[in-house]
Amino acid sequence: GNSVTQMEGPVTLSEEAFLTINCTYTATGYPSPFWYVQYPGEGLQLLLKATKADDKGSNKGFEATYRKETTSFHLEKGSVQVSDSAVYFCALSAPLGGSYIPTFGRGTSLIVHP
Amino acid sequence: NAGVTQTPKFQVLKTGQSMTLQCAQDMNHEYMSWYRQDPGMGLRLIHYSVGAGITDQGEVPNGYNVSRSTTEDFPLRLLSAAPSQTSVYFCASSTPGLAGGTDTQYFGPGTRLTVL
Numbered sequence: 001g002n003s004v005t006q007m008e009g010p011v012t013l014s015e016e017a018f019l020t021i022n023c024t025y026t027a028t029g030y031p032s033p034f035w036y037v038q039y040p041g042e043g044l045q046l047l048l049k050a051t052k053a054d055d056k057g058s059n060k061g062f063e064a065t066y067r068k069e070t071t072s073f074h075l076e077k078g079s080v081q082v083s084d085s086a087v088y089f090c091a092l093s094a095p096l097g098g099s100y101i102p103t104f105g106r107g108t109s110l111i112v113h114p
Numbered sequence: 001n002a003g004v005t006q007t008p009k010f011q012v013l014k015t016g017q018s019m020t021l022q023c024a025q026d027m028n029h030e031y032m033s034w035y036r037q038d039p040g041m042g043l044r045l046i047h048y049s050v051g052a053g054i055t056d057q058g059e060v061p062n063g064y065n066v067s068r069s070t071t072e073d074f075p076l077r078l079l080s081a082a083p084s085q086t087s088v089y090f091c092a093s094s095t096p097g098l099a100g101g102t103d104t105q106y107f108g109p110g111t112r113l114t115v116l
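So the protein lines, in turn, are chains A and B.
Under this note's numbering, the first residue of the first sequence carries the number 1, and numbering increases by one thereafter.
Under this note's numbering, the first residue of the second sequence carries the number 1, and numbering increases by one thereafter.
To be clear, the hints were calculated from the coordinates, so they are not data collected in a lab.
Just so it is clear, CB atoms sit at the ideal spot from N, CA and C, and this is done for glycine as well.
Mixed in with the good hints, there may be bad ones.
Here are some, though not all, of the chain B residues that point toward chain A, as calculated from beta-carbon distances under 8 Å [stated by the list, open to error]:
1. Tyr31
2. Gly42
3. Leu43
4. Tyr48
5. Val50
6. Gly58
7. Phe90
8. Gly101
9. Phe107
10. Gly108
11. Pro109
12. Gly110
13. Thr114
Here are a few chain B residues that face chain A, going by a calculated C-beta distance under 7 Å [unchecked claim]:
14. Thr95
15. Gly97
16. Thr102
The calculated EDC-like cross-link candidates involving lysine to aspartate or glutamate, where the alpha carbons are at most 16 Å apart (straight line), are [as the list claims (entries may be wrong)]:
17. Lys52/A / Glu63/A
18. Lys52/A / Glu69/A
19. Lys49/A / Asp103/B
20. Lys52/A / Asp103/B
21. Lys56/A / Glu42/A
22. Lys68/A / Asp54/A
23. Lys77/A / Glu63/A
24. Lys49/A / Glu76/A
25. Lys9/B / Glu42/A
Using the sequences plus the hints, can you model the full thing?
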């Protein structure tokens with residue numbers, strides 16, 4: 001079946017530091033990768049996504065490039081802020097025999113200190 | 001446009017009690033799903049639906065029932081609550097992806113359930 005592996009946290013950074021959260025996957029067919037963010041006490045919300053190989057998704061200063069050859073979709077941000085403190089989930093939509101089921105990573109907690 | 005709404009926000013049950021978690025969406029999405037989130041476990045899919053009248057099991061379906069009589073509503077029923085069902089429950093809705101699977105999922109705010 002499909003699987004998503006993302007780096008374990010927590011990741012602790014100082015404000016304005018560079019952020020990378022790694023995400024790799026195994027999947028059949030034509031997968032579409034996503035990054036979701038969960039702020040404390042809230043549900044998940046879409047951060048960015050890609051629909052085809054070499055696509056770069058971007059939002060709120062975050063970027064991720066869909067690399068089919070390395071089956072990766074690493075999340076990056078050049079300068080993090082305290083308000084970026086949240087849990088980040090890498091996810092994959094890849095039909096299994098035509099079915100719906102999406103696959104989520106376990107989440108990476110990011111803590112940004114002033 | 002309210003998106004995905006869930007009620008209640010918090011609930012405390014005693015072992016053996018039953019209850020229904022409500023979920024509704026106003027985006028006319030075909031797909032709806034229920035997840036539970038536990039510390040260190042990420043999100044685990046309980047049940048999902050690809051349209052009114054169609055439901056299927058996810059990764060952890062035992063102890064839960066669902067039905068989908070309308071496009072908008074997708075309630076989750078706990079038949080006989082157990083302490084192992086203490087968790088945060090999220091409902092989500094989406095449309096089909098271009099190449100199958102699912103497009104962006106829209107999540108509700110969650111229901112925090114404690115079973116004593």
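These are the hints, each one checked on the structure:
Hint status for Tyr31/B relative to chain A: holds, with the closest Cβ pair at about 6 Å, below 8 Å. Annotation: Gly42/B was flagged as interfacial toward chain A, and the flag holds, the nearest CB pair being 4 Å apart, inside 8 Å. Because the smallest distance between the Cβ of Leu43/B and any Cβ of chain A comes to about 5 Å, under 8 Å, the interface hint for this residue holds. With a least beta-carbon distance of about 6 Å to chain A, the hint placing Tyr48/B at the interface is held under the 8 Å criterion.
With its C-beta approaching chain A no nearer than about 6 Å, Val50/B sits inside the 8 Å limit, and its interface hint holds. Of the supplied interface hints, the one on Gly58/B holds, with its beta-carbon coming within about 7 Å of a beta-carbon of chain A, less than 8 Å. For Phe90/B, the suggested interface contact is upheld, since its CB lies about 5 Å from the closest CB of chain A, less than 8 Å. Because the closest C-beta pair between Gly101/B and chain A is about 4 Å apart, less than 8 Å, the hint holds.
Interface hint at Phe107/B: satisfied, since its Cβ lies 4 Å from the closest Cβ of chain A, which is below the 8 Å cut-off. For the restraint placing Gly108/B at the interface with chain A, the shortest Cβ-Cβ distance is roughly 5 Å, inside the 8 Å limit, so the hint holds. Interface hint at Pro109/B: satisfied, since its Cβ lies 5 Å from the closest Cβ of chain A, which is below the 8 Å cut-off. Because the smallest distance between the Cβ of Gly110/B and any Cβ of chain A comes to about 5 Å, under 8 Å, the interface hint for this residue holds.
The criterion of a C-beta within 8 Å of any C-beta in chain A is not met by Thr114/B, whose closest approach is roughly 16 Å, and the hint is violated. Interface restraint check: Thr95/B against chain A, minimum CB-CB distance 11 Å, threshold 7 Å, status violated. The beta carbon of Gly97/B comes within 5 Å of a beta carbon in chain A, closer than 7 Å, and the hint placing it at the interface holds. Taking 7 Å as the C-beta contact cut-off toward chain A, the hint placing Thr102/B at the interface holds, the least distance being around 5 Å.
Straight-line distance between C-alpha atoms of Lys52/A and Glu63/A comes to about 15 Å, which keeps the hinted pair within the 16 Å bound. With a C-alpha separation of about 12 Å, the suggested pair Lys52/A and Glu69/A falls inside the 16 Å cut-off, and the hint holds. Proposed proximity of Lys49/A and Asp103/B is supported: the alpha carbons are some 9 Å apart, at most 16 Å. The straight-line distance between the Cα atoms of Lys52/A and Asp103/B is roughly 13 Å, inside the 16 Å bound, and the hint therefore holds.
A distance of roughly 26 Å separates the Cα atoms of Lys56/A and Glu42/A; the hinted pair therefore is violated under the 16 Å criterion. About 7 Å separates the Cα atoms of Lys68/A and Asp54/A, which keeps this hinted pair within 16 Å; it holds. Using a Cα cut-off of 16 Å, the hinted pair Lys77/A and Glu63/A holds, with the two alpha carbons roughly 6 Å apart. Distance hint between Lys49/A and Glu76/A is fulfilled; the C-alpha atoms sit about 13 Å from each other, no more than 16 Å.
Between Lys9/B and Glu42/A the CA atoms are separated by roughly 11 Å; this keeps the pair inside 16 Å, and the hint holds.
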